[in-house]
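> Put together the whole structure using the sequences plus the hints.
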Amino acid sequence: MTLVDLCNLLINGTIEGLLIALPALALTLVMGVARFPNAATGDYMTVAAYAGIGVQAWGAASIFLAGLGAIAAGAAISIIFYLWVFRALRGRAPVASLVASIGVAFFARSMLTLFVGHDQQTFNLPLVRAWNFGGVRLLPTDLYVAALALIAMALLFALLHLTPIGRQMRAIADNPDLARACGIRSGRVLLSLWAVVGALCALGGMMFGVKAVVSPELGWELLIPAFAAMILGGIGSPIGAVVGAVLLGIASELSVPFVGPSYKIAVAFLLLLLVLLLRPRGLFGKAILSR
Amino acid sequence: MLLEVNDVRGSYGGTDILHGVTLNVGNREIVTIAGTNGAGKSTLAKAVIGLLPQVSGRIEFAGRDLTGLPVEDRIAAGLAYVPQVANVFLSLTVLENLKVVPNVRDATTRIARQLDAFPALKPRLRQRAATLSGGERQMLAFARALLTQPTLVVLDEPTAALAPSLVQQVFDLVIQLPAQDVAVLMVEQRARQALAISDRGYILDQGRVVLAGPATGLLADDRMAKLYLGSEH
Amino acid sequence: MIAYLIAVGIIALIYMLLTIGLNLQYGYTGLINFGVVAFFAIGAYTSALLTLGGWPLVPAFVVAIIVAAIVAYPIGLLSLRLSDDYLAVVTLGFSEVVRLAIQQERWLTHGVQGLPGIPRMFLSLGIGDYAELATLAVLVLCNLAAIGLMLHLVRSPYGRLIQAIRDDEVAVEAIGKDPRRLKVQVFMLGSGLAGLAGAFYAHFITYLSPDQFLPLVTFYVWIAMIIGGTGRTTGAVAGSLILMVFLEGSRFARDWIPSVSEVQMASVRLALVGLALILFTIYRPQGMMGSRR
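Protein chains in written order, with the working numbering: chain A, 8 to 298; chain B, 340 to 572; chain C, 105 to 397.
Check before you lean on any hint, since a few could be wrong.
As the list claims (entries may be wrong) - Under 10 Å between C-beta atoms, here's a sample of chain B residues computed to sit facing chain A:
hint, residue
1, 390
2, 393
3, 412
4, 421
5, 462
6, 487
As the list claims (entries may be wrong) - Per label pair, the in silico range of CB-to-CB distance:
hint, chain 1, residue 1, chain 2, residue 2, range
7, A, 290, B, 565, 49 to 57 Å
8, B, 465, A, 94, 32 to 40 Å
9, C, 188, A, 266, 25 to 33 Å
10, A, 194, B, 352, 36 to 44 Å
11, C, 249, B, 467, 55 to 63 Å
12, A, 194, C, 249, 48 to 56 Å
13, A, 94, B, 407, 33 to 41 Å
14, A, 87, B, 416, 31 to 39 Å
No lab work stands behind these hints, which were simulated from the structure alone. Quick caveat, the model's predicted, so the values are computed rather than measured. By construction, the Cβ of each residue, glycine as well, lies at the ideal position given by its N, Cα and C atoms.
Next up, the structure:
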């Protein structure tokens with residue numbers, strides 16, 4: 008492998024990682040505040056990406072409008088399933104919400120394939136050529152996508168640290184009983200949380216769709232990588248999720264020359280196992296993982 | 340009476356812990372609930388604040404029936420709570436611990452006033468609460484609980500995690516509360532020291548009130564000495 | 105008609121084996137296995153590849169069970185270090201990796217082209233149509249044996265210990281038994297049953313391909329267990345029969361409503377599975393038959 012190849016792999020891995028960071032953030036937020044691994048995360052991405060495709064199909068050529076449509080759809084589906092399913096399961100063991108979230112994932116995906124079909128879709132985008140810096144290639148689309156992901160993360164961190172609702176989310180994540188004893192009403196906080204989670208998933212789904220194609224399995228296939236990124240970074244730690252995702256992205260790109268592109272999920276899984284065995288709290292997390 | 344607890348029974352994880360506790364707290368009164376480990380003191384505090392899932396009996400506060408109300412509504416009604424452990428949000432900064440409390444009128448001024456009352460917190464505003472010492476955490480927890488201008492604050496073993504040198508400091512804080520129109524229901528294991536600053540006291544044993552009365556009377560009662568054989572300093 | 109009923113019965117009994125295995129893992133020990141299909145696939149491919157390589161059926165079945173159980177060993181060990189929901193994620197990830205490996209390792213599994221011509225059971229006896237009936241009978245016996253084993257486990261001191269693990273791990277440690285070893289053993293036992301189910305499946309369908317081992321299969325088994333009531337021995341039987349009625353019913357439904365394509369029907373089936381998982385966890389967490397607890 009030459010230095011140029013290595014640079015290309017690193018760039019691709021970083022961009023891929025920044026995108027995985029979005030669902031990983033969604034997972035870690037739900038894990039931290041609502042306290043269960045939300046297996047429907049990936050399918051929220053898929054539904055939102057198809058919503059974006061739908062906006063374009065309805066005649067709005069602007070990819071920006073498609074993105075807004077996707078975010079609206081992502082937030083909506085996330086809130087709907089919170090109100091219907093996860094709110095009813097609060098106070099029960101996390102297992103209940105986890106099993107139900109698999110149900111939500113299947114249900115959301117099935118509605119999608121029933122009404123939209125199984126065909127792969129692509130976003131209408133102007134074709135652009137990659138910039139070439141002496142062999143190191145960079146697609147402008149990738150750059151935009153990565154920049155948008157970074158902006159979304161900056162907004163999320165601002166929300167969490169600078170707004171009252173964000174502080175309350177962190178307080179509930181830190182100590183739910185104390186939060187209640189401070190008079191924090193979790194209903195409103197959770198509604199905002201799920202809206203944010205849906206928007207993050209939507210953005211992630213949209214960007215993976217822009218980079219490649221939109222298919223009904225788009226999000227489900229990213230679930231394990233997103234989990235791996237979350238656990239690598241440390242559960243409940245937003246910064247950890249981002250760092251974990253970028254490391255995962257780079258690791259899986261670097262593995263391509265050795266195991267081929269089709270084993271990316273396996274690389275994520277292997278990383279997940281290693282972290283669980285060697286450092287279960289992840290890079291930035293508290294030790295809430297092990298018994 | 341400000342708080343009236345009537346025949347409260349409660350269980351925790353399937354085990355009955357409170358077997359019908361009746362007690363009351365008046366306006367601007369300091370009331371101590373003492374008792375040995377496992378007597379049900381903390382469970383009683385949780386029952387009053389609403390953090391105990393299975394409770395029966397009646398709890399009235401300022402003439403209002405609290406039974407069945409969630410914690411958040413009890414806080415809104417004028418109760419405040421300082422838990423025994425995990426009494427601050429460790430991952431939030433000191434300032435955030437105060438700012439996170441909702442429904443505080445004139446929050447900025449109130450927070451400034453609380454910080455004047457607890458000057459030790461001032462240089463640490465931007466630090467995570469996890470970096471505070473046990474005594475500082477207790478101060479932060481007090482400051483936070485008083486933000487909502489409660490009429491009754493429930494303290495669950497406020498001195499339990501503290502070095503002996505700090506214990507009196509906390510009791511000195513408690514003494515000042517009635518002057519701010521705050522009544523105190525304090526669960527304490529250090530019965531003598533707590534009763535020394537209290538108006539009245541209840542002694543709990545195995546989920547029942549076994550002794551009650553004015554603090555001075557309890558301190559003189561030799562039945563208390565018997566109950567406390569070995570566990571009092 | 106008879107042949108159809110036998111075929112449906114065989115599939116139902118295969119699901120029953122899977123459900124008994126999962127019930128052992130989750131219903132009795134609280135181990136969340138979201139990767140049932142992985143052990144099912146491992147059993148199926150192991151037995152198929154061995155028999156295609158010339159092995160007789162019986163040893164191939166035995167090896168299928170053993171391989172599935174051995175693969176479960178490290179995951180069972182890992183489960184000791186993880187809280188319940190992480191084991192779920194790990195097993196789910198594992199099942200996806202197994203499916204991926206089946207897809208990719210063409211030299212062994214023929215990848216997406218699939219593995220055809222797997223020998224049927226009892227073919228060598230020359231009993232013709234009765235071969236399937238014999239398969240059904242053997243499956244009934246295996247299920248009875250599995251249920252017997254399970255009842256035996258539940259009623260033995262060992263079994264009470266297992267249930268104690270679910271309820272209170274600390275207490276079990278206090279009486280001096282090692283709950284950790286028991287947990288791993290139960291996980292291996294349940295996975296071995298899944299491997300056996302896989303072997304039956306391979307030799308009944310006679311053709312294997314990776315898309316028969318989607319995560320959906322895992323959750324069919326979960327639904328069967330949840331409907332029957334987790335931790336109930338008879339629940340596994342009732343649950344897998346109800347599941348079968350549902351799966352076959354959805355096939356008939358399509359015959360009656362010809363305007364629905366097979367692809368759409370697959371979506372409807374997925375929707376109903378999702379809905380069942382949601383509604384049961386919210387409204388009937390103790391299953392359709394009530395609770396044993």
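> Against this structure, judge whether each hint is valid.
Outcome of the hint check:
1. 390: Since chain A brings a Cβ to about 6 Å from residue 390 of chain B, closer than 10 Å, the hint holds.
2. 393: Since chain A brings no Cβ nearer than about 13 Å to residue 393 of chain B, farther than 10 Å, the hint is violated.
3. 412: 9 Å, holds
4. 421: 8 Å, holds
5. 462: Violated: closest Cβ of chain A sits about 21 Å from residue 462 of chain B, beyond 10 Å.
6. 487: 6 Å, holds
7. A:290 - B:565: 49 to 57 Å: 56 Å, holds
8. B:465 - A:94: 32 to 40 Å: 35 Å, holds
9. C:188 - A:266: 25 to 33 Å: Given about 31 Å between the Cβ atoms, the range holds.
10. A:194 - B:352: 36 to 44 Å: 26 Å, violated
11. C:249 - B:467: 55 to 63 Å: Taking Cβ atoms as reference, residue 249 of chain C and residue 467 of chain B lie about 58 Å apart, which means the hint holds.
12. A:194 - C:249: 48 to 56 Å: Check passed, 51 Å falls within 48 to 56 Å.
13. A:94 - B:407: 33 to 41 Å: 20 Å, violated
14. A:87 - B:416: 31 to 39 Å: 33 Å, holds
In summary, the numbered hints that this structure violates are 2, 5, 10, 13.
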